[in-house]
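Below, each chain spelled out in residue letters.
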Amino acid sequence: MRRSLLAICVLLLAGCATPALRGTGDLGLIIERADGSVLIVESTHRKMLARVEGLGDLSHASVVYSRDERYAYVFGRDGALTKVDMLRHSIAKRVMQSGNSIGGAISQDGRLVAVANYEPGGVKVFAADTLELLADIPASYGDGKYSKVVGLEDTTDNRFAFSLYDAGEIWVADLRDARNPVIEKYRGIGRQPYDALVSMDGRHYIAGLFGEDGLALLDLWRPERGVQRILDNYGRGEQPLPVYKMPHLEGWALSEEHAYLPAIGRHEVLIVDRRNWQEAGRIAVHGQPVFAMARPDGRQLWVNFAHPHNDTVQVIDTVTHKVIATLRPGKAVLHMEFTPRGEQIWLSARDDNRVDIYDTRTLQHLGSLPVRSPSGIFFTARAHRIGL
Amino acid sequence: MRRHPLMLLLTAVLSLAAATTQASAEVSTERQRELLHLLRHDCGSCHGMTLKGGLGPTLLPQALAGKPTETLEATVLYGRAGTPMPPWRGLLTEEEVAWLVALLMKGVPDAP
Chain B
1 MRRSLLAICV LLLAGCATPA LRGTGDLGLI IERADGSVLI VESTHRKMLA RVEGLGDLSH
61 ASVVYSRDER YAYVFGRDGA LTKVDMLRHS IAKRVMQSGN SIGGAISQDG RLVAVANYEP
121 GGVKVFAADT LELLADIPAS YGDGKYSKVV GLEDTTDNRF AFSLYDAGEI WVADLRDARN
181 PVIEKYRGIG RQPYDALVSM DGRHYIAGLF GEDGLALLDL WRPERGVQRI LDNYGRGEQP
241 LPVYKMPHLE GWALSEEHAY LPAIGRHEVL IVDRRNWQEA GRIAVHGQPV FAMARPDGRQ
301 LWVNFAHPHN DTVQVIDTVT HKVIATLRPG KAVLHMEFTP RGEQIWLSAR DDNRVDIYDT
361 RTLQHLGSLP VRSPSGIFFT ARAHRIGL
Chain V
1 MRRHPLMLLL TAVLSLAAAT TQASAEVSTE RQRELLHLLR HDCGSCHGMT LKGGLGPTLL
61 PQALAGKPTE TLEATVLYGR AGTPMPPWRG LLTEEEVAWL VALLMKGVPD AP
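So the sequence lines, in the order shown, correspond to chains B and V.
Okay, so the first sequence: first residue is 1 according to our numbering, each after it adds one.
Okay, so the second sequence: first residue is 1 according to our numbering, each after it adds one.
If you're looking for bench data, these hints aren't it; they were derived computationally from the structure.
There's no promise every hint is true.
Claimed, not checked - Covered by chain B, according to a simulated footprint, are these stretches of chain V (three or more residues, beta-carbon under 8 Å): (1) 64 to 74; (2) 84 to 96; (3) 99 to 106.
Claimed, not checked - With the Cβ distance kept under 10 Å, some of the chain B side facing chain V (calculated, not the full set): (4) R77; (5) N100; (6) Y146; (7) K148; (8) Q192; (9) F210; (10) L241; (11) V243; (12) A332; (13) P370; (14) S373; (15) R382.
Using N, Cα and C, we set each Cβ at its ideal position, and we do this for glycine too.
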């Protein structure tokens, strides 16, 4: 009797206790792709704070953040959009917005969250605070068909750019009036755009093409020039290798005068001259690159690879264009994320159920966190970057 | 000698059964576990972890019903030209692909 009274008192006290004040700038989310859960982590002490469950099919999940870095918007494969409270460690709001989706973006002013859908093909735009549907943009083309939408990115002036996989088109939706989107369409941009990126200044939208060698570039400062082809026929005459995992262009790498892109179907990272978008070289790497990500200062490039070479990560020096390290962190390295100023990199080793943390200067292993089938890692500093 | 149609059917059924048994007999329990993992996670990056589809089509039994087994096996082994579906031969044996296709047609037990 006395014992249970004591227990009740303890519970009451715990209930009343004010949680310690804290910021969110060193927080992040790690996707546990097989369990439909996410971990809230803190990079200052490299620790896990909480697990939030019930997010559905996270087999290809990505995350964007509110401008105050308090809320994460998680885009699931099954069409779910979940708003996670990074401080309360709970789901703040959740909507099933389509049958099948592939990522999304948050607007420059932080008020709109847009989701790219495969089924039915199109983009839906929600109010970031309430997740109320504000605009529905079906990706219709041809005779009433709907294309899968890929490479949805935010850019300046509350615009979103995205690509139509089946139609070979790039669309730019102006959402300054969120309920009445104004859409510019660019047709015939190339076969099967499969992913895209926006440069950090919001100026260039580049879609990778699965159906042919080359990329489609739209200069959003000079849209009247239309879509330009770059790296056209970079593999002319060579048979591309089978692709067991699509390269990801988001989180692309930039340093000084160069941009670095994962080649599709080749064991190469492509170097592009940013002044004229011409090929400036290629770097031979261990396998087919999936992500080629620059450390925030641009000095290093970290590259992971498609199955069956996905136990390996390579580090490239962007001054010499040489591979300076080949690391084997664990089985199936799916994703990498730098801490905001780049002193650490976090790597998901999916099949070893572990996230590994490395010092990017010494390349030493700093520690690991146990995570169930980890895939994407997303730190809150993404809130303040265009095109992520 | 002309064989009775029923006989032919029986032979076909028996050899099909034999082939199925053979396929699973040649895929060890350990390897079956690896293949299931590959199916959910690597095939799942295009077809969805629950196999409901993504950039690639759904692989649920109702979607595969009525499609010839040989066509499905050939798609996995040789890929599908003009689409992102890569050939898996070289990474998977014919027996392993037969085992996977049979499993997909039945329904994957651990796909939620």
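Given coverage of the stretch 64 to 74 of chain V by chain B, tested with a Cβ cutoff of 8 Å and a minimum of 3 residues: violated (count 0)
Outcome, coverage hint (the stretch 84 to 96 of chain V, chain B; C-beta under 8 Å; three residues): holds (count 4)
Interface hint outcome for Y146 of chain B [beta carbon to chain V under 10 Å]: Violated: closest Cβ of chain V sits about 14 Å from Y146 of chain B, beyond 10 Å.
Minimum beta-carbon distance criterion (10 Å), N100 of chain B to chain V: Given a least distance of 6 Å, the restraint on N100 of chain B holds.
Restraint satisfaction for R382 of chain B [CB to CB of chain V, less than 10 Å]: Because about 22 Å separates R382 of chain B from the closest Cβ in chain V, which is outside the 10 Å limit, the hint is violated.
Chain B over the stretch 99 to 106 of chain V, status - at least 3 residues with CB closer than 8 Å: Since 0 is below three, the answer is violated.
Minimum beta-carbon distance criterion (10 Å), F210 of chain B to chain V: Hint on F210 of chain B: holds, closest Cβ of chain V at ~6 Å, below 10 Å.
Closest C-beta approach of K148 of chain B to chain V relative to 10 Å, hint status: Where the cut-off is 10 Å and the nearest Cβ of chain V is about 7 Å from K148 of chain B, the hint holds.
Restraint satisfaction for L241 of chain B [CB to CB of chain V, less than 10 Å]: Interface hint status for L241 of chain B: holds (9 Å vs cutoff 10 Å).
Interface hint status, P370 of chain B versus chain V (Cβ within 10 Å): Where the cut-off is 10 Å and the nearest Cβ of chain V is about 18 Å from P370 of chain B, the hint is violated.
Evaluation of the interface hint that places R77 of chain B against chain V, nearest CB under 10 Å: Hint on R77 of chain B: holds, closest Cβ of chain V at ~5 Å, below 10 Å.
Hint check, S373 of chain B versus chain V [nearest Cβ-Cβ separation less than 10 Å]: Holds: closest Cβ of chain V sits about 7 Å from S373 of chain B, inside 10 Å.
The structure does not agree with the numbered hints 1, 3, 6, 13, 15 stated previously, though it agrees with the rest.
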